[in-house]
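Student: Hey, can you work out the whole structure from these sequences and the hints?
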Amino acid sequence: MIGKYRKYKKAQSALYDFLLFIPILIVALVILAISYNTSYSTINSNNVSIQYSQETLNSFLESTVNYTYYSTSTGAVVVQRDISEKNVMLLTLYLLTCGQSNVNKQSLSPKIVNSLEYVINITLYNLTYPQFKYYIQFNTTSCGVSANVYLGDKPYSNSLVITASEYIPPNYNYLNENGALVILAIWNSR
Amino acid sequence: MHKVYPKRAVGSFFEEIPALFLVVVSIALLISSLFVTSARYNQQNTTTNFFQQGYTFMEEIRSYKNLTYQNEPGIFNVYAMGNLTRQNITYDLHPMFGYYINITDVSGYHVKYNHTVYSSPIPKNTIGLRYGIVTVSSTVDIWVSPTEIHLAKLTVTIWM
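Residue numbers (our numbering), protein chains in the order written: chain A, 1 to 190; chain B, 1001 to 1160.
Don't read these hints as lab results, they were simulated from the structure.
All the pointers check out, no bait thrown in.
Derived, one-sided and incomplete: chain A residues facing chain B with beta-carbon distance under 7 Å:
1) L29
2) L32
3) E55
4) T56
5) E62
6) T64
7) T123
8) N126
9) L127
For each residue, glycine too, the CB sits at the ideal point set by N, CA and C.
Tutor: Next comes the structure, spelled out in C-alpha cells:
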C-alpha cells in the first residue's frame, strides 16, 4: 500500500512544476506589458517637450516689446520702442551690474506694470498654456558684479522639468563685458 | 493482472486531471496575455503614429513657404498670413485628416494678428473617430517690420 502511494506521488511533480510556473509566467507578462507601455509614451513626449521649450525660447528672445521703462532718481527712463526681449534681459542685467548708482532697482521688479522684468514675465505668462508652469532665469557677471534674475514659479520636487538654454552674446548698447545665459524651464503642473 | 495494470492506469489518469487543468488554464492565460499586450502595443503605436502625424503637420505649417518670412521656420510674415487658407493647405500640404489651426498673438502690442483656419469644427467627442483627436502646439514669431516682431502661439488640432 505504502509503495503504491509513493508511486502515485511521482505523478504530482508535474502539478508542483506548474504551480511554480504560473507565478513566473504572470510576472513575466506583467513586466512585458508595462515595458511596452512606458517606453513608447515617455520617449516621444520627452522629445516633443524638449523641442517645444527650445522653439519657445528662440521665438521669445527674437520677439519685441512695444513699451517698457525703469526709474532713476531723476525720473522715469522710457526704453527704446520695439526693443527685443533679449535686449530687455541684457539691459536688466546691465542696470543690476554696471548701471549708474541712481537707478532705482525696485523699478525693475515684475510687480510694477511695464517694468523691464514685468514685460518679460507677462509675455511668458500669456504664452504658456494653463496646465503648464514656467520659470526663466538669466544671469551674468559684469563690472565685477554678478546678477541673477529669476521670474516665474518654482517647480515641484517631483515634476518633470524641461529646460532650454541659450547664450546671448554681448550687445555693447546694454552689456559691455560678457553676454548672458538664459534658461527657460517648462513643466506640467497637473 | 487485474491488480497490477488496470488500477494503476485508471488511478494515474485521474491524478493527472488537476495538472491538465492547470496546463489548460496557464496556456489560456498565456495566449490572452499575449493578445492583451499585442492589442495595447498596436493601440499605443497607432496613437503615437497619429500624434507624430499631427506634429509633422504642425512643423510643415511652421515652415510653410507661403507663410514664413524669408523661408525662416517659425517666423511668419504678417502680410502672408492671409495665404494660410483651407484651399492652400489642401493644395500644398494634402492633409488626410480634419484640422483646426489657430495662431494667437500673445505680445503686448495693441494690434493683434490672430488667425484661424479649419477644415471643419473640432468634433465634440471621439465617438466614430478611428484615431481620435490630437492637439500639438508650438511658439512662433510674427514678423511685422524689422523692428516689430510679435510673439504668438501656434495650436494645431487634428482628428480622424
